[in-house]
Amino acid sequence: MKRIGNKIIDWIDERYDLTPVRKLLKHKKVPSHKYSAWYYMGGVTLFLFLVQLFTGILLLLYYRPGEESAYESVRFIVTEVKFGWLIRNVHSWSANLLVFFAFLHMFSVFFSKAYKKPRELTWVTGFIILVFTLAFGFSGYLLPWNELSFFATKVGTDIVGVIPIIGEPLRNILRGGEDVTGATLSRFFGIHVAILPAIFTMFLSLHLLFIQRQGMHDPEHFKNLPEEKKKYIPFFPDFALKDFLLWLVVFNILIFLALYFPWELGNKADPFASAPKGIRPEWYFMFMFQTLKLLPAHILFIEGELFGVLVFGVAGFIWMMIPYIKIKNKSDWKVQPLTVIGIVVVAFIVIMTILGYIL
Amino acid sequence: MLLDRRKFLNVLLGLGTFGGVVAIFYPVFSFLIPPKSAEPKVNSVKAGTASELPTNSSKIVKFGRKPVILIKTEEGQYKALSATCTHLDCIVQYKQDTKQIWCACHNGTYDLNGRNISGPPPKPLEEYEVKIIKDEIVITKLG
Amino acid sequence: MRKSFFYLPIYALALFLTIGFYDGAEQKNKTAQNSKEDHCVSCHKENDMMPKGFSENDVHRHAELSCSGCHGGDPSSDDESIAMSPSKGYRGVPKKKDIPQFCGKCHSNINIMRVYQPRIATDQVSQFYTSMHGKKLLQGDVNVADCTSCHTAHNILPAKDPRSTVYALNVPPTCNKCHGDKELMKKYNLPSNQLEEYSKSVHGNELLNKKDIGAPACNDCHGNHGAMPPGLTSVSYVCGMCHINNLQYFNATKMARAFEKQDFHGCEQCHGNHGVQKPSDNMVGVGKESICVDCHNEGDKGYATAKSIKISLDKLSDLYNLAETKLNEVHQKGMNEVEISFLLQDAKQDLIQSRTLVHTFDTVKVNSKTKDGVAIASNALAMAEKQINDYYTRRNGFLAATLAFLLLVVALYFKIKDIGKKNS
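Top line first, the protein sequences correspond to chains A, B and C. Take the first sequence: its position 39, counting from 1, is numbered 39 in my numbering, and each next residue is one higher. Take the second sequence: its position 131, counting from 1, is numbered 1131 in my numbering, and each next residue is one higher. Take the third sequence: its position 254, counting from 1, is numbered 2254 in my numbering, and each next residue is one higher.
Rather than coming from a laboratory, the hints here were simulated on the basis of the structure. Hints may contain errors.
Claimed, not checked - If we take Cβ atoms under 10 Å as the criterion, some of the chain C residues that face chain B in the derived model are:
(1) TYR2007
(2) GLU2206
(3) VAL2338
(4) GLU2339
(5) GLN2345
(6) GLN2353
(7) ALA2401
(8) THR2402
(9) ALA2404
(10) LEU2406
Claimed, not checked - Capping the alpha-carbon separation at 30 Å, the derived lysine-lysine pairs in DSSO-like fashion look like this:
(11) B:LYS1062 - C:LYS2333
(12) C:LYS2421 - A:LYS34
(13) B:LYS1059 - A:LYS268
(14) B:LYS1007 - B:LYS1059
(15) A:LYS34 - A:LYS334
(16) B:LYS1134 - B:LYS1059
(17) C:LYS2211 - B:LYS1066
(18) C:LYS2105 - C:LYS2177
Claimed, not checked - Computed footprint of chain B on chain C, listed as stretches where at least three residues anywhere in the stretch have a Cβ under 8 Å from a Cβ of chain B:
(19) 2237 to 2243
(20) 2409 to 2418
All residues carry an ideal CB built from backbone N, CA and C; glycine is no exception.
Kindly produce the complete structure, drawing on both the sequences and the hints.
Structure (structure tokens):
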């Protein structure tokens, strides 16, 4: 096995000179410390994205966008196509896990302050990727064209409409019309399988390129260690194999979830039926949804919903710009102000999400 | 026979990799093979050839979950109606002598447009559209 | 400017007065019109002497046939001696015996009735006199039903109106007003539990609980005005109005002939009359609940036929139930039950038809139908079992895949450890 492998590598080396690749693999190393486990989060997120890409392409072979065929084609996939149930459920579960790990990865980077110079753009591109991941989730959710997804899309796109001046035109562009219809489905399909993947790939490539170029961030406590105490493990093969190991475990969990907790088909969307009780968005939008629900109808002279949307918009922007914002460390504080902000944000998201389900 | 540790480990690794690859690619390749009914029957159903259906006769066809009665009248016209009686859900039949649709359960009668004309049925039968495309009978939902 | 302000209210006032006067005049006209016909109503209303159960919805009132339309007299006069004078045609309240003629004055005359409803029947009175109610009434019996007993006197509504006492859903309680009165019925040697029985029957349940007006009420089997219990030979024909196959099959059998000879009442003999229940398969055969063994004994041909028909029915019925249970399991497991459910619809049809064919008392005919049903139900059962197997196969496949991954993970873990050791 090894001999054949070496022969192939030699063949490529002769033609394309793999020296820079060899150098990178030989020298790239990853710090090994108490919190090294968090280094894997980005890789897991990437893996889940690749699963999405792969299962998404497979689903594309049978899915048919369009009011009259979307739901039926999904039903066809899960009942008639061999292993269609598996591919569809893996796709649905992986989407949710992807969002979860993306947030986890982002917060781990935040709390270890890895976004600081020189890695500001890695953070910015990462934030953009996170937003795109949510957009993937939102657009993909409509595609099975069932009751829940229809109304979730209606509610979600309604919120866009509250922005003054540009809100309504923007909403109509998203919806392909005034209401959520087959036109919306076509549009979301195009967005989900073509527009988003194209732009996402661009930003993802930049994000990965930056990481390759700059290597892993050394956390504070690691930086302050004397040189000989700093432990590293080589990226290849050690870290890469550990990464792969974790990917296998995550993959196994994924197919377990797909089999034992299958996604429902639901009822076909009927634009003329009234919304079923307890309609709510997917869990990763829940905290925003719940916040908007709790805001009073008017705050000063601004409508409550609009206020909420604006606050989230501004907050998101600030969050993206964190690497450029200077918050001084207070020497007498046990927990630094920046960390406090981070904890507050995490707590807010978690509490609002829980409230969204129990209220 | 003692295998040295490294070799043993490599064998295990090889087996595991092989197993893993099969576990992934077997479902994927099976997925790619088109199933028996190559596409989802959405809003239309094929119901055999027009030349094979004699005039003044009928047959029951499956439309999704629902039975539909397809009738070829004496004049050669095609009618497709829901075959579930609107009274108590028995399957209706076409009577060749009276040329009406009849439910044997409680003697309910419908005309060829599905209108309930006698007996207990409270509502007419739902109509479907019939198209003949190259001698193939295709039944679709109305509207 | 100021001058027009002054004159404006005057013009407005003039306008108001004109309109008011006009309106008032119209109202007066209307009352004048009304008062042309309704001194009867206004006077009786004033003195609180309206007939019991009077309703403005009454169909005769709507057709502008006020009191005088039936009772005669002159409604344009508010003087009682003129309004209720026999010279003006006043007939007063008719005696019970005379009520059919009283109503029949119009209702038996097509020339009068066609003005209001061109297609209405005019044979109610003649039919009535053929019924027990009519016959007894002519003999002077004051306890039997007359027109008003069922239709009421002053709250008459068309039978299609859901508020009517003779609307399908209301017919059983209307008949029961007298026929449920034990003391009254004793005088005629009639039972008084018909409504009770009927309410528990399959027809009563459909009509009274499920509000299905396709189900028979009293008048559908007994007739309306010519109400009589169905004659001995005609019970089957009455049932056969809806249960047509059962009638046709039964009438062609030797059993029908034998029933006639024994003065048996056709369908009623096995199924009962008012309390008819949804039949059970156990009514056929030679078991405890079987009706066949009421006449047939072991050794005779009928006994053997009954036994074999029951076996045939049971075969299909058991298989169908089994297939249905499996279908539910498939559904509950989240697997695809669409095709299976469609097949079972067909098997159910065959089962229903087999049960109807019991009335041929012909084993061959029943067997041929149950055979069809068994084939379909077997197919459905096989499909259901395949779906259930697939469900477990998926789980087994997952287990196998997990084991493969587990092997890989463990091997990889040790490999990584080895490499780590090598590096240090």
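Which of the listed hints are not met by the structure? 1 and 14
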